[in-house]
Structures are given as structure tokens and as C-alpha cells.
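Colleague: Residue numbers (the working numbering), protein chains in the order written: chain A, 1 to 97; chain B, 98 to 410; chain C, 411 to 523.
Any given hint could be a false lead.
Residues from chain B that face chain C, not an exhaustive set, calculated with beta carbons under 8 Å [to be verified]:
(1) Ala109
(2) Arg123
(3) Leu166
(4) Leu168
(5) Ala197
(6) Asp336
(7) Leu361
Don't read these hints as lab results, they were simulated from the structure.
All residues carry an ideal CB built from backbone N, CA and C; glycine is no exception.
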Amino acid sequence: MSLVRDIMTIAAVSAGAFFFLAGTVGLLRFPDTLTRLHALTKADNLGLGLIVVGLLPQAGSLRDGLKLVSIWLLVMLAGATVSQLIARNARQDETAK
Amino acid sequence: MSVATAFEIVLAAVVLGLGIWTTAVRETYSATVGFVAYGLLVALVWVRLDAVDVALTEAAIGGGLGGVLLLGAAARLRNTELVLTEAPGKATQVAAAVLAALTGAALAGAVLLLPDPAPTLAPTVVEHAWATGMTNPVTNVLMAFRAMDTMLEKVVLLLAIVGVWSLATDGAWGGHPGPRHRADPHGVLVFLARLLPPVGIVVGIYILWTGANHPGGAFQGGAILASMWLLTIMAGLTDTPPVSSRRWRLVLVAGPGLFLVVGLAGLWLGAAFLAYPPAQAKPLILGIEVAMILTIAVTLGLLIAGAPERSVK
Amino acid sequence: MSAVTVFGICAATMVGLGLYGLITNPQPLRKIIAFNLMGSGVFLLFGIIGRRGAAAGMGNDPVPQALVITGVVVAFSATALAIALLLRLSQTTGSTTLKTGVQPSAASDPPGG
Numbered sequence: 001m002s003l004v005r006d007i008m009t010i011a012a013v014s015a016g017a018f019f020f021l022a023g024t025v026g027l028l029r030f031p032d033t034l035t036r037l038h039a040l041t042k043a044d045n046l047g048l049g050l051i052v053v054g055l056l057p058q059a060g061s062l063r064d065g066l067k068l069v070s071i072w073l074l075v076m077l078a079g080a081t082v083s084q085l086i087a088r089n090a091r092q093d094e095t096a097k
Numbered sequence: 098m099s100v101a102t103a104f105e106i107v108l109a110a111v112v113l114g115l116g117i118w119t120t121a122v123r124e125t126y127s128a129t130v131g132f133v134a135y136g137l138l139v140a141l142v143w144v145r146l147d148a149v150d151v152a153l154t155e156a157a158i159g160g161g162l163g164g165v166l167l168l169g170a171a172a173r174l175r176n177t178e179l180v181l182t183e184a185p186g187k188a189t190q191v192a193a194a195v196l197a198a199l200t201g202a203a204l205a206g207a208v209l210l211l212p213d214p215a216p217t218l219a220p221t222v223v224e225h226a227w228a229t230g231m232t233n234p235v236t237n238v239l240m241a242f243r244a245m246d247t248m249l250e251k252v253v254l255l256l257a258i259v260g261v262w263s264l265a266t267d268g269a270w271g272g273h274p275g276p277r278h279r280a281d282p283h284g285v286l287v288f289l290a291r292l293l294p295p296v297g298i299v300v301g302i303y304i305l306w307t308g309a310n311h312p313g314g315a316f317q318g319g320a321i322l323a324s325m326w327l328l329t330i331m332a333g334l335t336d337t338p339p340v341s342s343r344r345w346r347l348v349l350v351a352g353p354g355l356f357l358v359v360g361l362a363g364l365w366l367g368a369a370f371l372a373y374p375p376a377q378a379k380p381l382i383l384g385i386e387v388a389m390i391l392t393i394a395v396t397l398g399l400l401i402a403g404a405p406e407r408s409v410k
Numbered sequence: 411m412s413a414v415t416v417f418g419i420c421a422a423t424m425v426g427l428g429l430y431g432l433i434t435n436p437q438p439l440r441k442i443i444a445f446n447l448m449g450s451g452v453f454l455l456f457g458i459i460g461r462r463g464a465a466a467g468m469g470n471d472p473v474p475q476a477l478v479i480t481g482v483v484v485a486f487s488a489t490a491l492a493i494a495l496l497l498r499l500s501q502t503t504g505s506t507t508l509k510t511g512v513q514p515s516a517a518s519d520p521p522g523g
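Working from the sequences, and respecting the hints, build out all of it.
Modeller: So, in C-alpha cells, the structure goes:
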């Protein structure tokens, strides 16, 4: 039983790490603010989500699991808000030019 | 080499790289962003050093609130930056590099040559943990065994606030600190400032409460409460309080004040200054911590808001 | 190599790096950041000492940890005071130079409000 859980964890966390890597490469390589934000959301939402899903089987109790899920939800909320603020600022800068 | 060691080496390398970038990059704004990222990664280093209490403090205060403070200053000083062309000469730079290298090498040498076995107070702390009824050793040290440090640190926070306020212009004295923020009332920032604070307040209080037995405490919880307050201020939902307000000043002195009262009571009723009677130690400490979290939250928020700039109309 | 060695060398380098930035960077805000880098290196050295003193089922000596928590908060309040001074300087003189003898370009107190 613990072997199945470990395999699930390894698979999901590796997939999450891959999305983080892809998002970071995009952040460094993409040409302008909007496409960079697009790359970043992949890392934030999918990457962290997969890592949380991967850690859930290792959580000692229901409370720990709920804490992990709420971290993911809070990061998504903050990430979405901040991306929108940055994007709006970037667009205003463009129209001002 | 184990996986953990490899991870630690990579982490240390990234931290160092960010430190170098922060020092060397041309634009001040970039340096500020680099410092925030550095602060968050240093929090990871603290986790690896098995000091989760410090990691929480570093992430909340060093990375989070410190970042807000520096970013705000960098944004406001952006226009003055262009005037400045007074880089030091080559000789100064070389001398500074030699001095910095010598200091770093001496410290690294000292770390490598530390005596074995290392001196430690951990057994003493465990031995006396019964006296407070709390199992988080760091909270025990902060609130009981070295309570004097923590009380004086609250006084430092108070002095810093007095120092910041005293920089107000004559016209603005007694007024509201910082600019009045305005945001689109239907925008996403206002939405976040309405949605997040209830969650953040619960998390902040939880971190205070759990600090008795697990990593956490008044500092970390207070920093979270302060950030929730700052979020509503930045979204324009509320204004910073005028510094002449007596009620807010009372909150600012509540933490160190209660600490001092309990300390003097210990001198009068018990053995020494700040000596808690073991039977009442836990409720007393929790009481002080509740007063402290309010004081810390308001002080940190007002320190970031800065000197009074707008007089009370 | 243990965590103590890796992070110990990292912390010592941060102190050196902060010192270099503090001396060579002409801008006051950069000096403040460099000073904070130095401080964080010193805090990490405390953490190293505490880590070596791991005993009695604890991974890190709690006394240095408590000192560092106090130190982080004090460093933050000192930074806030320094930044308030800097903002006031730029408000009064219109620049943030630390050189003496520079004439203030606009030495007027803007009215509050």
C-alpha cells in the first residue's frame, strides 16, 4: 500500500517539477511581459497543483492534507491577482508610449 | 554525495547567485526584486537547518514585509536615481573587494574550525520546559527564558516608530502616514483585499495559537496580520490612522506595556523581574502574546506606511 | 560535506558580499539592501552555530534561534527607519546623494495634505 502511495507521489511531484521547469524557462526566454506571465501561470497553477496532489498521499492526517490544499488555493488566488495587476500595468505602459 | 547534500549545494549556489546579482545589477528596482527572492530562498535554508520558527519569520518579515518596504522606496526614488553619477574610484573598489574577501574568508575559516563537541543550551531548555507548559522550545526561550530580550525588542520597535514619525514635516505632524491609495473599486486588487483578509486573519491567529507547541508565534502571526492590513490600505478600502490618534498609540504600547507590568509583578510577587509563577505561566504568556501580536501587527504596518504626510482635515 | 559546511561558507560569503556592496554602491537604497544582505549572512551564521548544537531531540539549538527571530525584527525596524530618513532626504533636497557640500535644489517643505 505504501509502495503505491510512493509511486503516486513520485509521479505527480516529478510532473509538477517539470511544469515548474517549463514555466521558468518560459519566464526567462519569452520576449514580453504578457507571454512571460502566461508561462508563469503554468508553474503556479499546474506545477504547484501537481506537487500538492503528489504530497497528499504522504500527509499524516486529514488536517495536514487540508493545509496543503489551502496553500495551493491561496497561491492560485494570489498568483491570478498579481498576474492581472502586472498585465494591466504593462498594457497601460504600452498605450502611454 | 547524498541527494540532500546535492540539494543543499544547489540551494546555497542559487542564494549566492541572487546575492551577487542583487549587489551587481545596475537598476535599483531590479536589486530590490533580487533581494525579495533572496529572502524567500534564505527561508528555505533555515528549513534545511531545522529552524522552522526562523524560516517563518524570515519569509514573513525578511522576504514579505521587507520586500514591500524596499519596493515602495525604490518606486518612490525612481526619479532621483538618474541624477546620481558618483561611483567610487577604482582604488576604493579594489580595497573594498580585498576587505570583503578577507572578512568572508575569516568567517568561513571560523565556521570550518568551530570546536567539537559544539556547546549547546538545548538540553537545558528541554529540562526546564515543564515550567511554562509549552512544548515549542523557541517560544519558551522567547517568552520565558530570555523574555527580557523580547521585551526590549518591543521597545526597539516603538523607538523605530517614534523615529519614523519624527521625520514628518511640520504641516503633516499628527496626520496620516504615507500616500492615500486609490484603486478601481471593481478591480481585481479590491476584490483580493475583500476576499483575503478574513482568511489571513484566521491564519495569523492560528499561527499565534499553534506557536505554543509547534513552530509559529506572535512575530510570524503579527507579520501576517500586518500584511492583511496593508493590503486593505493599498486597495484604498481603508486609510492609515492619523498618528495623533490616542487609541492607536495605546495599541502601539500595549505589548511592551503588558510585558512590563507582568515583569514588575514578578519582581513584587515572585522571585525576580519577569519571573512567572509556574502555575500561571501559560495563561500569562498567552496574554502577553495576544497583546504583542496586536502591537507587532500595527507597528510593522505603520513602519511600512512611513512618516506622516497628510494632515488631518 | 554537511549542511553546516555548505551553508556556513554561503553565509560567510554573503557577509563579505554585503560589505563590498555597502562600500562601493553609491546609492543609499542599495547600501541599505547591501547592509541587509550582510545582516542575513550573520543570522545564518547563528543558524549554523545552532545547527551544530543540535541536541536533546532538537535539530537546532533554540537559544540562537530565538536571538535570530529577535534580530530579524530589529533589522526590519532599522531598515524602515533608514528608508524613512532616505525618503525625507530626497523630499527635502530633491536628490539622494550622501556627498556633503551638494546644494539642495529644492529646499522647501511641501505642505502636507
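Colleague: When the nearest CB of chain C is found for aspartate 336 of chain B, is that gap smaller than 8 Å?
Modeller: violated, 13 Å
Colleague: Verify the interface restraint on alanine 197 of chain B: the C-beta must sit less than 8 Å from at least one C-beta of chain C.
Modeller: Because about 4 Å separates alanine 197 of chain B from the closest Cβ in chain C, which is inside the 8 Å limit, the hint holds.
Colleague: Under 8 Å, Cβ to Cβ, is where leucine 168 of chain B needs to be relative to chain C, so tell me if that hint holds or is violated.
Modeller: Leucine 168 of chain B check fails; min Cβ-Cβ to chain C is 11 Å, beyond 8 Å.
Colleague: Taking the least C-beta to C-beta distance, is leucine 166 of chain B closer than 8 Å to chain C?
Modeller: Holds - the Cβ of leucine 166 of chain B comes within 8 Å of chain C, reaching about 6 Å at its closest.
Colleague: Does arginine 123 of chain B pass the interface hint, meaning its C-beta sits closer than 8 Å to a C-beta of chain C?
Modeller: violated, 10 Å
Colleague: Should the interface hint for alanine 109 of chain B be scored as holding, given a Cβ-Cβ cut-off of 8 Å against chain C?
Modeller: holds, 4 Å
Colleague: Let me know if the C-beta of leucine 361 of chain B comes in closer than 8 Å to any C-beta of chain C, holds or violated.
Modeller: Violated: closest Cβ of chain C sits about 21 Å from leucine 361 of chain B, beyond 8 Å.
The structure fails hints 2, 4, 6 and 7 (numbered hints given earlier, in ascending order).
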